[in-house]
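Number of protein chains: 2
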Amino acid sequence: MILIIGLTGIPIIEKGDDLGKIIVNAAKKQGVNMRNNDVIVVTQKIVSKAEGRVINLKDMEPSEFAYQIANQMNKDPRHVEAILRETRRIVKMKDGNLIIETKHGYVCANAGVDRSNIKKDSLSLLPIDSNESAQKIHHRINELTQKTPAVIITDTWGRPWRQGQVDFAIGLAGMNPFRDHRGETDMFGFILKATNIAVADELASAAELAKRKSDEIPVVIIRGYNYSKGKGSAKEIIRPIEKDLFR
Amino acid sequence: MILIIGLTGIPIIEKGDDLGKIIVNAAKKQGVNMRNNDVIVVTQKIVSKAEGRVINLKDMEPSEFAYQIANQMNKDPRHVEAILRETRRIVKMKDGNLIIETKHGYVCANAGVDRSNIKKDSLSLLPIDSNESAQKIHHRINELTQKTPAVIITDTWGRPWRQGQVDFAIGLAGMNPFRDHRGETDMFGFILKATNIAVADELASAAELAKRKSDEIPVVIIRGYNYSKGKGSAKEIIRPIEKDLFR
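Listed in order, the protein sequences are those of chains A and B.
Letter 245 of the first sequence, counting from 1, is numbered 245 in our numbering, and no numbers are missing.
Letter 156 of the second sequence, counting from 1, is numbered 156 in our numbering, and no numbers are missing.
So here's chain A without its partners, still in its complex pose:
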């Protein structure tokens, strides 16, 4: 049996906050003691806030290109400027949508630049390196508890072909993001050629179920899932462009 436990006691996060310590304390207060095999799933928004990856709209001086896009798409040019500064490549620009390959290589709408759950006139950016951020939380939790739960940082994105958003892993530490069945035989002796499950994304989605309203519960512990421990990075989940049929 796998448990999905939302941590209810996480305060509003400010720049410089010690997330590892805040998570350990919230878990303790809830009577949940960390275990080595837990996965701690943390929503990107609070990581970005703790790391100061928040900008004020009034500090954005839009370029000519940002004005042009904003005009076409009926967006705030300062918001567009912030998106472009996070962009490596525009994957698709149509019908008011900006699907972006971020500087990290993730493909998502608006480069993950977001206005929700943040002070008025501010925007949150994705962490500079979410895997590094996950490592830091992982180490800090280990320091405080002597346990080695894996850490996943998630964001909420739409998908091609399907309506609605789900959560994805954008950073991780202490685990392998996949459960690879390639080369194994199925129950009829057939050798599986393609089955390689992106468990980090599935854990992200599972954790989202415990978030209630958007980011109300920003940290979730998943207990009882027997994942493969290891160094891992969420960058392994990024499909190399030469293997990508849709980029």
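If you are wondering where the hints come from, they were derived from the structure by calculation, not from laboratory data.
None of the values given here were measured: they were computed from a predicted structure.
Each hint should be verified, as a subset may be incorrect.
Because identical chains cannot be distinguished in the list, a pair is counted as satisfied if it fits within a single copy or across any two copies.
What the hints assert, rightly or not - Keeping only pairs whose Cα atoms sit at most 25 Å apart, straight-line, the calculated PhoX-like set for lysine-lysine is:
id, residue 1, residue 2
1, 147, 120
2, 94, 243
3, 213, 229
4, 243, 92
5, 193, 92
6, 94, 119
7, 193, 119
8, 120, 243
9, 213, 231
10, 193, 213
11, 21, 243
12, 243, 75
Since the structure of chain A is already known, use the hints to place chain B on it.
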């Protein structure tokens, strides 16, 4: 707290089997009594088997087009023929991959036609109407237990931009596939414009975590997730082509 409970006692499914009854019995044997708020997640493969949606390769007479594709892609022409018979539209055909819009409207590799966990020289097809299949299981469970757990039927698919597969909802009954936050305010008073979570897909992914090896645990109960009951269909999750930037 949300629980993900894999049912271990599901036998190998044959055509004509009463899935609802098999699921209720397996749950009982495991000491799990169905509750109204449970979600029963069933892997497509056993639904297809129970419904006889299995074909023998030797019954496939490949068309000229199937031979041509098979030749280009180094596939079995009979397998390609089976895929084409499930196809409404080829979305992408490249590097040995066939990304298909199925007759139901789902977009996935090989139209969901699959060789794993099935007798040698057989292929499983997706159910003709997975929402109808989910409805049947939903009604049967209700008949046997007087409870109304939602039912989700899932398949394992790859994604654009990201490596590895995750499980998606292809059929459902007894629930709304989304948790819609549009129009609500976040904790800083900002009105959310886009947040509409595809919880049926997240439940599918969460359940996959309890499957162990591919389809070893074909039925999973998710307990404690407060979803919105209703008529719902997984077809609502299909993005209409005019709103799809990648089709």
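Results for each hint:
no.: 1; hint: 147 with 120; in the structure: neither (38 Å within a copy, 46 Å between copies)
no.: 2; hint: 94 with 243; in the structure: both (24 Å within a copy, 10 Å between copies)
no.: 3; hint: 213 with 229; in the structure: between (31 Å within a copy, 17 Å between copies)
no.: 4; hint: 243 with 92; in the structure: both (18 Å within a copy, 13 Å between copies)
no.: 5; hint: 193 with 92; in the structure: between (32 Å within a copy, 21 Å between copies)
no.: 6; hint: 94 with 119; in the structure: neither (29 Å within a copy, 46 Å between copies)
no.: 7; hint: 193 with 119; in the structure: between (48 Å within a copy, 16 Å between copies)
no.: 8; hint: 120 with 243; in the structure: neither (40 Å within a copy, 30 Å between copies)
no.: 9; hint: 213 with 231; in the structure: between (32 Å within a copy, 23 Å between copies)
no.: 10; hint: 193 with 213; in the structure: between (39 Å within a copy, 13 Å between copies)
no.: 11; hint: 21 with 243; in the structure: neither (40 Å within a copy, 43 Å between copies)
no.: 12; hint: 243 with 75; in the structure: between (33 Å within a copy, 19 Å between copies)
Violated hints, listed in ascending order, are 1, 6, 8, 11; each of the other numbered hints is respected by the structure.
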